[in-house]
Amino acid sequence: MKSLSRFWWLAGIVLFVGLAWIGLTVRLFPNTAENTPAPRPGFLAPDFELSDLQGTAVRLSQLRGQIVLINFWATWCPPCQAEMPALQAIYEEYQSNGFIILGINTTSSEVVSTVPDFVAAHGLTFPILLDPQDKATSAYQITGMPTSFLVGRDGIIQQAVVGPINESVLRSWLSSAQNQAP
Amino acid sequence: MSPTLHIGPLSVQAFGFILLLGLWLGLTLSEKLATRTSPNFPVSQLGNLVLIALLSGLLGARLTFVARAPQAFAATPWQAFLPSTTALDPEGGLLFATLALLIYRQRKQLPFWPMLDALTPLFFTLLIALPIANLAEGNAYGRPTNLPWGIYLWGAYRHPVQLYEALAALLIAIWLWPRRTAPTLPPGVRFARLLTLSAAARLFLEAWRGTPQNTLATQLVAWLLLALGLLAWGLLQNRPSPSEPQGEAQ
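As they're listed, the protein sequences go chains A and B.
Just so you know, we're using the numbering used here here: the first sequence kicks off at 1 and counts up by one.
Just so you know, we're using the numbering used here here: the second sequence kicks off at 1 and counts up by one.
In short, the hints are calculated from the structure, not lab data.
Just so it is clear, the structure is predicted and the values come from calculations on it, not from any experiment.
Just so it is clear, CB atoms sit at the ideal spot from N, CA and C, and this is done for glycine as well.
There is no bait here: all hints are sound.
Stretches of chain B that chain A covers, calculated by requiring three or more beta carbons in the stretch to come under 8 angstroms of a beta carbon on chain A: (1) 75–89; (2) 146–156; (3) 197–207; (4) 229–242.
Sequences are here, hints too, so could you generate the full structure?
Following this line, the structure appears as structure tokens:
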């Protein structure tokens, strides 16, 4: 009986210490957003400047305030081809709400002349950027394609997906991203 | 970004592979140790329990994800059935898995506390495997640190909080390991100890997590689980253990 009573006393002390630790954590370890760029949800999206098919330079940081889907793709990648119609449809649907897709072609693995034909064949109207020196591809540590990153209005990566994106899943992410304050 | 293991011609994602390995190892341990953790529990039911919880968890995770954004699936409802690891809600999965486990237990009339005791080796193996899988994937990373054992991840030296968690779970597993010579514990006590110690470890280590999440909410949930664990431990520890005559306290 005595040991039982000691157990409950100890349990009470443990719970009290636990509460005190929660209070200490709030004071000593506040949640702060990290400003380090990294290809990871919760981090600032690594910046890049690449040219589109017309030669116009596009810089990611200049799109701050918009929701950006960065999609790494190649013409020879079947899942990339498969997801393009869905990306185009979503782009048309959400473009007017401050949403943009940057389709980054991993040009170092391509025959460059095939890219415009691919874009025309799929009727893509969102910006297609060329990455001949793998600048963005290495900054985003791309190991497989397609890989996509959804960047919020604040420039922070919200989602990262390796493999083709499910259209409905992207819609659900966009609806929550649109509620985010810029 | 998402490391893969190459086994012959196969390429598998490290995260999923380590979790599956943990599940297999944990289930094997649960079955092998059941005579010591839970002498009166039908061992043959363990595999069924895990399979049912796993399938229900996956189904529940997908259903909850769809239910949270039904408008996104309104135009293409068939996409709710496509295999995709991105369209899963972990909390919903956990809820469905728990409910399925309880329903199955009720239908098969399996004893509640002995069932949890028998599953304890599986739980502690998963508690070791999950942070290791997170470390392999770069998930659930720690806060930046200048300490010499910091690991370089996502642009900074960070607390290897995944290793802290794995180490804490390993120590808990060693303490809870059902030794052949140790007396059998009353039903539920081994599980209650696991719940208590794991919740305490989570509550403590959460302070070094660097992932953008609500630390306060996670710690409060851990504190509630700690309180539940202590309550169960205190209430169950004086019950008779399976090897003792009824009515005799430990």
